[in-house]
Structure formats: C-alpha cells, structure tokens
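Engineer: This is what each chain is made of:
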Amino acid sequence: MKPRSHEPIFWSLFGGGGMLAALVGPILVLIIGLLVPIGLGFGPEAMNYEQMRGLLGHPMMGFGLAILIALFFFHAAHRILHTLHDLGVHASERLKLICYGSAAGGSALAVLVALVLVLRG
Amino acid sequence: MSQTRTIVIECLRFHPETDEAPYYQSYEVPFTEEMSVLEGLQYIKDHLDGTLTFRWSCRMAICGSCGCMVNDEPVLSCQTFLRDYHPARIRVEPLAHFPILRDLAIDQTDFLAKLESVHPYLIPSTGDDPGDQPRHQTPDQVQDYLGYAQCINCLLCYAACPQYGLNDAFTGPAALALLHRYNADSRDAGKDQRMEVINAEEGVWGCTLVGECSEVCPKHVDPARAINQNKIASTQDYFLRFLKPRGRR
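Just so you know, the sequences run in chain order E and B.
Numbering follows the working numbering, with no gaps: position 81 of the first sequence is 81.
Numbering follows the working numbering, with no gaps: position 141 of the second sequence is 141.
The hints are simulated quantities; they were obtained by calculation from the structure and are not laboratory data.
All C-beta atoms, glycine included, are put in the ideal place defined by N, C-alpha and C.
Be a bit skeptical, because a hint or two may be false.
Said to hold, decoys possible - Covered by chain B, per the in silico footprint, the following chain E stretches (three or more residues, Cβ under 8 Å): (1) 35 to 41; (2) 74 to 87.
What the hints assert, rightly or not - Just a few of them, taken from the derived set where beta-carbon distance is under 7 Å, the chain E residues facing chain B: (3) 2; (4) 5; (5) 7.
Go ahead and model the full structure; you've got the sequences and the hints to work with.
Structural biologist: This is the structure:
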C-alpha cells in the first residue's frame, strides 16, 4: 500500500492563507498604504499609536490578526518549498523543516505578541 | 486548386540499437494548404526515407496515436497544419518526458502501469446487479463524468506536465483524470479502492496546478480540474478518516 501523504495539512494552511491574502491583502494595502497616508476618507488620527494599540488589545482583533499572519506565513512557506522544487531544489525533510518551521515559528511569535497585547488590554 | 509549397521538416532520429545519441535529420517536403504535420511525415516515409518511424492511425484526432512535439509544443500531428508554420521550418520530436523506442515513437509502459493502477473501469457495488436491465442515469449524472471520459490516452498532458518531467513517479494528468471519471460516475462504487492512489505523495499531491495539461489536451478533458477536485477529496479523507469505522481508514 502506498503511504498516505501528509500534504493535506499544509495544503489546507496554504489554501486558507491564499484565500485570506486574496480577500484581505488588497484591502489592507489600499487602506494602510494609500487611503490613510493621503487622508482620503480617514482622518489624520486614523492610524495613530493609541488608536491601533486599543484596537489590537481587543481579543478579536489581536488573535484575528495573529491567525491571519500565521496563515500568510504557511502560505508563503508552502509556495517557496514548491517553487524551489520547480527550480530543481527538491523538498528534503530538512528543507521542509526549514520552510514550515519558519512559518510555525513566525506564527507562534504572532500569537505570543497578540497574547501580550490582549492581556495588557 | 491548392498551391504546392515546400517546408523543411526537421525530425529527431534515434535508433537505440545503432545510434549512440539522438540526432536531427531535415527533409524538404512539398505540401498543400490542407496537409497536416502527420501527412508531412507520411510523405517523408513514402517518398524520401522509409526508415522514419512514427505512430499514427485515425488521422482525425480520435485515436491519440500521433502525439509528438512540434517546435517544443505537444500536439497531435494529425490536427496540426504545415501551413501554420510555413515559411519557417518545423522541428518534430517524440513526446517529451518519455523514453524513445525509435525516432518519434515513445515507450508508453510507465503510463500504462499508472493507468492500470487507477482501476479505470466501473466497479459496481455488491448486490447491485441490474440483470438484463439498463442502468439509468439522469443527464446531470452523465455530465458529472462525460468531459473526463473524452480522454484518448494521447499523452500530450504528460509531455506538457513539468511535474512529471521532474519526477516520473507522479501518477500524472491523464491517469488521475480517468480515475476521477470513474469516481464521478453514479454507477461506480469503487472510490475506496482508488483513494490510495489519490492520497499518495505521487497521487494528486504531485501536482502543483501548473495547468499545462488542460492547455494542451486536444479533447478538452481538463485534467488539472480533476486533480484539484481530488485534492479536496483527499484532504477530506485525511481529516475525516478518524470519524470512519475502523478498518475503512
């Protein structure tokens, strides 16, 4: 019997990250990169420190953002791994560990930061 | 009246028993407006060089025998026309990613083994014997698999697939599309037997959705869609298998 691939775990994370990147990414870029800096539709105080700090102190925002970042990380890790394969660098256990390990590390850090922000209120 | 023009056809030649390496041989072939690349090859064999070896049968994109690379694109030579290349020369090579048997004829053994591995036939459920009666299907049920049933095993998709080129353990587009063709058929109950092929690293997970297979398919089978639908099926099977009764995991 052929061994079952564990790819479904990483493909699901990749798919989730990809979908969120497509849905949320352009809006974030539009708001943070364009609308707020030129002051279109947002006041000059829209993204000041207190405002943002307060926003991230809310569990929904803090952890929501951490999960978003985590899925982005896993999306990137999966894509890098498969692009390397196309370029002739084939996925070894070590390469997988580096790619998905970095994504897991980044995700853990994001959750940790969110936890600190939320606990401090 | 069709006007006769001349085109240079450059063929890859290789006779494994006598040649050390493949080489190219050029032929000047007179052609008319309606002549296909296959007819150009037949002209060479009949009038210029009887030793040129290539496969063909139906001449009308039904049999899937005459697949080859024309200017690095996998095509059926019977539905590719010399007029579209003239006045440039064309280069005809055997399908990429397969061992060469001789000249343009490739060795299909690897594909045939993979085709067999997907159980490409209806597996009725036990106790479901209609006797002499036909099995009925609604038009919707037919539509579920009809597109995938158009495959003629021409192997253009394997020649186009960069993943098969990198690793020929990959089950590949046509075999996985045919696997899906039977899974999607309401008369079939063989899904469980085919799940092992889908779930393997060399199954649907060998695909990275490049999509070239669907681009080159002369019958519009869309193997890329079939494979990616089965990535979802495999993911469901991966996570939901723990909910199934023991012995069916």
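Engineer: Compare the structure with each hint and give your call.
Structural biologist: Hints, verified against the model:
1. 35 to 41: violated (count 0)
2. 74 to 87: holds (count 3)
3. 2: Holds, because the Cβ-Cβ distance from residue 2(E) to chain B comes to roughly 4 Å (cut-off 7 Å).
4. 5: Nearest chain B Cβ about 4 Å off; hint holds.
5. 7: Where the cut-off is 7 Å and the nearest Cβ of chain B is about 4 Å from residue 7(E), the hint holds.
Hint 1 from the list above is the single one not met by this structure.
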